[in-house]
Each structure stands twice: as C-alpha cells, then as structure tokens.
Amino acid sequence: MAKQPSSPIAKTARLLDLVPYITTHQGISVKDLAKEFSISTEELLDDLNTLWMCGLPGYTPLELIDLSFESGYVSIRNAEILQKVRLLTKEELVVVAIGLDFLRESISKDRVDLIAAIASLQVKIKSLIGDIAQASPTVDSAHRAVILRAIKERKDLEIEYHSLIRDEVSTRAVTPLELGEDKGIEVLLAYCSKALGFRTFRLDNVKQARLLDSSQMISDAKSDSEELFRAKCKVNSRLRTTFERFRLETALATAPSVDSGKAVAVEVTSFSRDWLVRNFMSTLANTEITEPAELAKAVGQKSQATLELYKNERFSS
Amino acid sequence: MSRKTERLVNLTIALLATKRYITKSEIFRTVDGYEGTAESKERMFERDKDDLRNLGIEIEVGSFDPLFEDEAGYRIKPDSYQFQLGEVTSQEISLLSLAAEAWRGAALDGSALTAIRKLHAIGIESDIESIPDLAPHANIRDKNLQVAISAITSRQKISFKYLSEELIEQERKIAPYAVTSRYGHWYLYGLDLEKLGVRSFRLDRISGDIASEGKSGSFEVEKSFDLSSQGSNADEIRTATIFLRTGRALALRSRSKTASTKSSIAGWDLVELSYRDQERFIEEVLWYADDAIVLEPGDVRAEIIKRLELGVKRYG
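Residue numbers (my numbering), protein chains in the order written: chain F, 1299 to 1615; chain S, -3 to 312.
Quick caveat, the hints were computed from the structure, so don't treat them as lab data. We treat Cβ as the ideally placed atom computed from N, Cα and C, and that holds for glycine. Wrong hints could be hidden among the right ones.
[Claimed, not checked] One-sided and incomplete, this derived list gives chain F residues near chain S with beta-carbon spacing under 8 Å:
(1) L1313
(2) P1318
(3) E1389
(4) I1405
(5) D1408
(6) A1415
(7) A1417
(8) E1479
(9) F1541
(10) S1568
(11) F1569
(12) V1597
(13) A1603
[To be verified] Interface residues of chain F toward chain S, partial, derived using beta-carbon atoms under 10 Å:
(14) P1435
(15) H1441
(16) L1475
The whole structure should be built from the sequences, with the hints applied where relevant.
Written out as structure tokens, the structure is:
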C-alpha cells in the first residue's frame, strides 16, 4: 500500500509499534502483519531485519531483540523493554475524540451502556488534552452504515428524504450506486424509483434508511441526463456568503483582475430550476439576475405573490 | 536498512531500560550508532531528541547526581512512554478503533492509522458485536485541519490568509485554541493576535496553507476560554412570530420549539422561532417565498417587504 519508502521517523514509530503487536500476536503470518500495518511484505521484512539489530547496549545476542520470521510466521523474544503499547500522541487523541463525538450522536438512547462508555472515554481523553475539539455530525453514522451495506450487498434501499428544494419529506425506494462528494457535501448517487432516473441525495437530508430485500430495479433504467440550468447574475454585496450559497469558487472573485470588494459577474448552474429561483429569492438584496429573462421573471412573480400576502390585512397584526 | 531508524530505536531502548539518568557521554559510548566527531555526535543527539519528541516520546532531563550538576542526564519514564488510557475493556477498544476509522481517507488518516495499530497491539479482542452497525466518517480532506490540530496540541502560533465577507484576503495571526465541526463546516478558534480577542475561522475560508509561526509551547490558552460556549455568544437570541403554510417550510418548522398553533387563517399555522443572525434568518425565510410570512419582529418584516419590493421592481 505504501507507495514510497517511509521516512526514518515513520519507520521508527512503526518498529516501536511492531514489538508490542507481535508480542500479543505471536506466530502471526508475515502477510497479516503487513496488512495490519498497511505496508508491503518487502517493507515489513526490512522492518524486521532492522529490529533484529536493535537491543540493549552491549548488543550481544543476550541483549538483542530475538525475532524469527523465516517460516513466514513472526514471533519475538527478548523485547521486554519495548513490549508495552506506546501512548497515544495528542494528535491521535484528538482524532479519537472527534470520532467518538460522531459515534455518540448515532447511538440510540436505549444503549445506555455504550453512551456511558463513550462518555467515560471522553472524560479520560479531555483530562489529557483539554477541551480542544468538538464535532456535531450532520450525517447519522447508522444511516451511512446501512447505505454502505446496501451498496456492498447490492440491495435496494428505502429512504426517507427531506428535499429542501421541493420543501417536502418523501419516502422512496432507490438502488444505491456509490457514495460521493459534491462541493464538500456527502452525497449518495442512486437510481430513484420515484423519479425514474439517477439522482443524487444529500446524506445530511436522509432522515431514515432501511435495507430492502428486493433486487436491483436499475436493470431497465434509461439513463436520463438531467438538464443543467444556467443563469448569469451580478453579486453586489455579501460576496462570501453568496458565493458559498451558490457554491461558486471564491477564486473567481479574488483573481487579480477583479476589483476587490466590488460587484462580481458570475454564472451559476444547477440541475434544479427551483433551486435557482429559491436562492435568488433568498439573495434579493445581494444579487441581480442578468439572464435568462425567463428566470428573472419567475423571481419577480414569486416576489409579487409573496408581497401580496404581506400586504394582505389578514397577515398583519 | 536505515541506520538512523536503528539508532533511534536503540536510544529509546537504552533510555527506557535505565532506572537512573544516563549522561550524554555514556550514551555516545554505549548506544550503537553515534559516530564521528564530538560535535557531530552532539548534533545527532539533539536531532534524535526532537525526532522522538515528535513521536510523542518525552525524554526527561535531570541531574543523576547532585555532585555533578554540570552534566545533565537523560531517561524516558516508562509511565510517559506507555499507553495512557489505563485498563480498557474489549468494548472500549472497539469504540476507540471505530472512532479512529472515521478518518479513513480523510484529513487525519495518518494519525488514525497509528492510533488503530496501537489499540490493536494491546491484544484484547475487540467486541464489535456489542456495537450497532455504524460507519462514522469525517468528511474533510483539507490539509489545514491537520496543521491546525498539530499547532493546537503543541501550542504553536500560526498565520494564514482569510477571506473576508468582501472576499478580500486578510492576513491573520492567531494562537490556536480549538477546532469544532458544526453544520457540516469546520471552525478553528483562536486568539487573534492583532485584534486581541478570541475569533472563529471557517476552515474552508482560509486561502492557501496555514503557516507555523515560532516555537511550540509559545502561549497558554486563556483561562476564560470555554469551547462549549463558543459559536453561541456572537448575537443574542431573538424570537420571531411567523405564518407558515400548513405542511410547508419544513426545515423552518422543525426548528420551532413551540408546537405549531393553528392560526386564525385557514391553511396557515402561526409559529414561534428563535434566531441569532438576522441576515441569515431573512434569507432563510425568503427561500420559502409565499409559504412563510413574518409577523414579528417589525423590523424584520419591514426589511423583507423592502426586498420583495426591490424584486418586483427589478424583475417584474
């Protein structure tokens, strides 16, 4: 797996970790050991040969670490000094602490044992590194696990999905293809039985996920390529927030050719026309649509319809 | 085979095995791998100490005999070398390993991998059956997160370019305190060394790489800093009363603490919502257009009407 040879420091860390690991797994095969440490067997053999030269000052056979691995199975003797598992570095503790936060949010309330175990581990870790990292996940780890299982076992899923664009929660059967990422948001690419086509679903909007026994529905699917909608607009103010909302590269506005801080003309795209209309409604104060005229008109009509309600006496106090 | 690796391992063994402090000259005489002039041995040893420290191995410096104060001695205390979470159960091992798995393919996968190795080396069978099927995932590959965390744990100052609301790059220099992940974004907290106050920075708004400034251990976190109360002290909470069309504006509705009451208008509910950032709240309400009509507060209502009038004028 490791494409380049490790640095002497990384190699040192690995050797120090190999000793306790082999000590508790005497007779492990070279292959399994290499896999556990994510290195090639060649690199592992090189590690073991190096370790063989190490020991207490004096470096006679009495002091050197005694390894045997010619048979393809590894065992170790005379390594008492190093056989304790090393401490977790602060960075490793942070990694674990954040991971525990992710887990805690996905464990059902009735698993009191697990919630207590996580809490006690977090207290221990905080006492060592302080309160320096917290995470609230937007995606439920249990839902992700169900989706991954469905992909692996080639099963369909039933998901309850909250579409912010349609402003509705719906239940639908989907054939999951893969998990991916769209501009920093985790998405599921799936064939949707409801839309009769391939769709991407934001994982943070999946409210429930359940495995179905049915086989793939995808077989007779026509791959309908969704139409991409484009609009040109000027962003006049609140540039950063608006760029992030429309998922635009901020580099477009920070390029030397752009007058910094001034209005920026950009093109925005989406597979959903509704998404564009809603975003232009949200940013009425900051954006100005230049084309297409049809989209500008739609936003104008929405504004008009909403304004009429505000002007309606029944909606005022 | 690497001589350097061999020497580092041998140095670790020698310093761990000794019950008393051993002097530098003893180390040079007995530990394999220190060669060359006195000066080059010195340099080698200094670098080796730093390298071991970077691996989390602390070398303790002390005087082994009060009569020889001028010559320092070295050792590694077994307590500071070995796994520090104490006795762990097989269930705890499973939880810790699964927690680290969240970083597979993400920003901190190097540390995650070494953590998992150590946990497995303890030699307790994990008890994964006792844990529900969970797949945690830290959805971030930004290398700056690792740099930030390393600076936080070693208390090293950092600098970076930060994009302002006007999308202008500003130079920032901070003493980094903590990181959080909220609403799908990562935030870095720290004492802004020019503005002299604690500020938060969204990681994806940092342009380019974070740079380290100066030595580690160069600041202390202010005692008054409390991570749990961060992100909630910027604006005060305000309450809005808002008409929502029945069955619509689901995300807004789900944030309401009060049960939605039927309004006097058929097909509409009257709901109370709290918010902090007024601008963001207005943008959120406008997303739902004619499905969400703000009644109170009056200034928010007036601002929304102003924007709608602008929309009608501009696009109508």
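Hint numbers the structure violates, sorted upward? Failing hints, ascending: 5, 7, 10, 11, 16.
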